[in-house]
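S.K.: Chain residues, written in single-letter form:
There are 2 protein chains.
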Amino acid sequence: MANDIQMKLVEALKEKGLKAATAESLTGGLISKRITEISGSSEVFECGICSYSNRIKHDILGVPNDILEKYTEYSSETAVAMAEGVRKLSGADIGISTTGIAGPNGGTAEKPVGLVYVGISTKNHSFAKELHLSRNLPDERDKIRFAASSYAMYYALKELENYEF
Amino acid sequence: MANDIQMKLVEALKEKGLKAATAESLTGGLISKRITEISGSSEVFECGICSYSNRIKHDILGVPNDILEKYTEYSSETAVAMAEGVRKLSGADIGISTTGIAGPNGGTAEKPVGLVYVGISTKNHSFAKELHLSRNLPDERDKIRFAASSYAMYYALKELENYEF
Chain Y
0 MANDIQMKLV EALKEKGLKA ATAESLTGGL ISKRITEISG SSEVFECGIC
50 SYSNRIKHDI LGVPNDILEK YTEYSSETAV AMAEGVRKLS GADIGISTTG
100 IAGPNGGTAE KPVGLVYVGI STKNHSFAKE LHLSRNLPDE RDKIRFAASS
150 YAMYYALKEL ENYEF
Chain A
0 MANDIQMKLV EALKEKGLKA ATAESLTGGL ISKRITEISG SSEVFECGIC
50 SYSNRIKHDI LGVPNDILEK YTEYSSETAV AMAEGVRKLS GADIGISTTG
100 IAGPNGGTAE KPVGLVYVGI STKNHSFAKE LHLSRNLPDE RDKIRFAASS
150 YAMYYALKEL ENYEF
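Residue numbers (numbering that gives the first Met the number 0), protein chains in the order written: chain Y, 0 to 164; chain A, 0 to 164.
Some hints here could point you the wrong way.
One copy or two, either will do: identical chains are not told apart, so a pair holds if it fits within one copy or between any two.
[Unchecked claim] Subject to a maximum C-alpha distance of 30 Å in a straight line, what follows is the list of computed DSBU-like cross-link-like pairs (lysine-lysine): (1) Lys110 with Lys87; (2) Lys18 with Lys87; (3) Lys142 with Lys7; (4) Lys18 with Lys142; (5) Lys69 with Lys7; (6) Lys110 with Lys13; (7) Lys15 with Lys69; (8) Lys110 with Lys18; (9) Lys69 with Lys110; (10) Lys157 with Lys110; (11) Lys13 with Lys142; (12) Lys13 with Lys157; (13) Lys128 with Lys7.
I should point out that these hints are in silico values taken from the structure, not numbers from a laboratory. Source: prediction; values computed, not measured.
Take these sequences, add in the hints, and give me the full structure.
M.R.: If you want it as structure tokens, here you go:
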């Protein structure tokens with residue numbers, strides 16, 4: 000999983016004539032920033048939503064309030080609903096989402112810093128991956144966010160490689 | 000205009016009890032990424048939209064099609080409409096937008112690489128700033144995007160400092 004994962008993702012999307020959209024909580028726009036670093040990415044990327052509150056996850060992405068209440072925003076269920084939501088909102092072929100706790104504050108025993116959910120949604124199916132990215136290093140907020148953005152693009156790329164659209 | 004402009008912006012918003020939202024084209028999520036680097040930024044930042052196509056600028060941000068057709072997406076008028084749009088969509092107190100040409104492709108004699116418009120919108124008034132950020136250096140796409148994101152946060156900070164809300 001190289002740092003040029005965004006280049007590989009953009010190339011795979013171009014090759015297949017597909018578009019991606021992002022719904023980012025934990026990563027705060029880092030995935031869309033990395034995708035749009037690539038000149039020509041506008042062919043395959045039109046829409047990224049940074050939904051940094053539950054209100055925006057619900058009001059703009061359409062994440063059901065009962066999911067947010069029952070599972071919290073740090074859950075597979077929310078990650079899937081975010082990815083589905085941005086895919087449908089934008090008309091993209093694949094939705095990519097992140098939610099979790101980047102720290103240094105906000106962690107609990109049950110949901111510690113570094114707990115991250117990546118969501119992927121296509122018309123075929125939607126799923127989430129649970130990741131544990133804390134290494135208990137100082138100043139790891141940036142590292143957790145960067146790793147989460149890389150994993151999210153990696154799972155999107157695998158989805159593109161493994162399934163017909 | 001230091002690189003820690005995002006820290007100053009988050010602190011000013013916290014001090015005044017206000018919220019910001021972003022609508023990014025050229026910068027592609029870089030402003031929301033930089034704001035959410037700051038732990039605790041969720042108090043003052045809930046929503047960032049990366050609208051990388053005119054369709055998304057219109058459909059999600061509500062930029063009128065006649066503005067996009069008459070002035071193009073690279074214009075003060077579009078920057079103001081994006082900033083207003085995300086402010087109203089999110090319920091934030093200040094909307095911050097960017098649009099322009101990061102290159103290396105897409106520039107013309109009339110609208111060259113490095114032409115950037117930053118938009119700011121509050122309930123009091125909305126305005127745009129035209130910037131020329133190309134220095135004709137190699138690989139300047141990242142530099143133009145970073146500088147544009149810094150200027151956008153700088154103008155937002157000045158707005159917060161100069162006006163009562």
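S.K.: Can you give me the call for Lys110 and Lys87, within, between, both or neither, at a CA distance of at most 30 Å?
M.R.: within (29 Å within a copy, 33 Å between copies)
S.K.: Measure nothing new, just compare the shortest in-copy and cross-copy C-alpha distances for Lys18 and Lys87 to 30 Å and report within, between, both or neither.
M.R.: For Lys18 and Lys87, both the intra-copy (12 Å) and inter-copy (27 Å) Cα distances are at most 30 Å.
S.K.: If the cut is 30 Å between Cα atoms, do Lys18 and Lys142 qualify within a copy, between copies, both or neither?
M.R.: both (27 Å within a copy, 26 Å between copies)
S.K.: Tell me, please, which holds for Lys13 and Lys157 at an alpha-carbon limit of 30 Å: within, between, both or neither?
M.R.: within (15 Å within a copy, 41 Å between copies)
S.K.: When no copy is specified for Lys69 and Lys110, does a C-alpha distance of 30 Å or less occur within a copy, between copies, both, or neither?
M.R.: Cα proximity of Lys69 and Lys110: one copy only (14 Å, versus 50 Å across).
S.K.: Quick one: Lys110 to Lys18, C-alpha cut-off 30 Å, is that within a copy, between copies, both, or neither?
M.R.: Between copies only: 27 Å across, 33 Å inside.
S.K.: Between Lys110 and Lys13, at a C-alpha cutoff of 30 Å, which is it: within one copy, between copies, both, or neither?
M.R.: Classified as between: cross-chain Cα gap 26 Å, same-chain 37 Å, threshold 30 Å.
S.K.: At most 30 Å between alpha carbons: which applies to Lys69 and Lys7, within, between, both or neither?
M.R.: neither (36 Å within a copy, 36 Å between copies)
S.K.: Pop the pair Lys157 and Lys110 into one bin, within, between, both or neither, using alpha-carbon distances up to 30 Å.
M.R.: within (27 Å within a copy, 38 Å between copies)
S.K.: How do Lys142 and Lys7 come out at 30 Å by Cα distance, when the copy is not named: within, between, both, or neither?
M.R.: Intra 21 Å, inter 22 Å, cutoff 30 Å: intra and inter.
S.K.: How would you label the pair Lys15, Lys69 (within, between, both, or neither) given a Cα cut-off of 30 Å?
M.R.: Neither: 37 Å inside a copy, 33 Å across copies.
S.K.: Should Lys13 paired with Lys142 be assigned to within, between, both, or neither, using CA atoms and 30 Å as the limit?
M.R.: For Lys13 and Lys142, the Cα distance is within 30 Å both inside one copy (29 Å) and across copies (25 Å).
Checked against the numbered hints listed earlier, the structure breaks hints 5 and 7; every other hint is satisfied.
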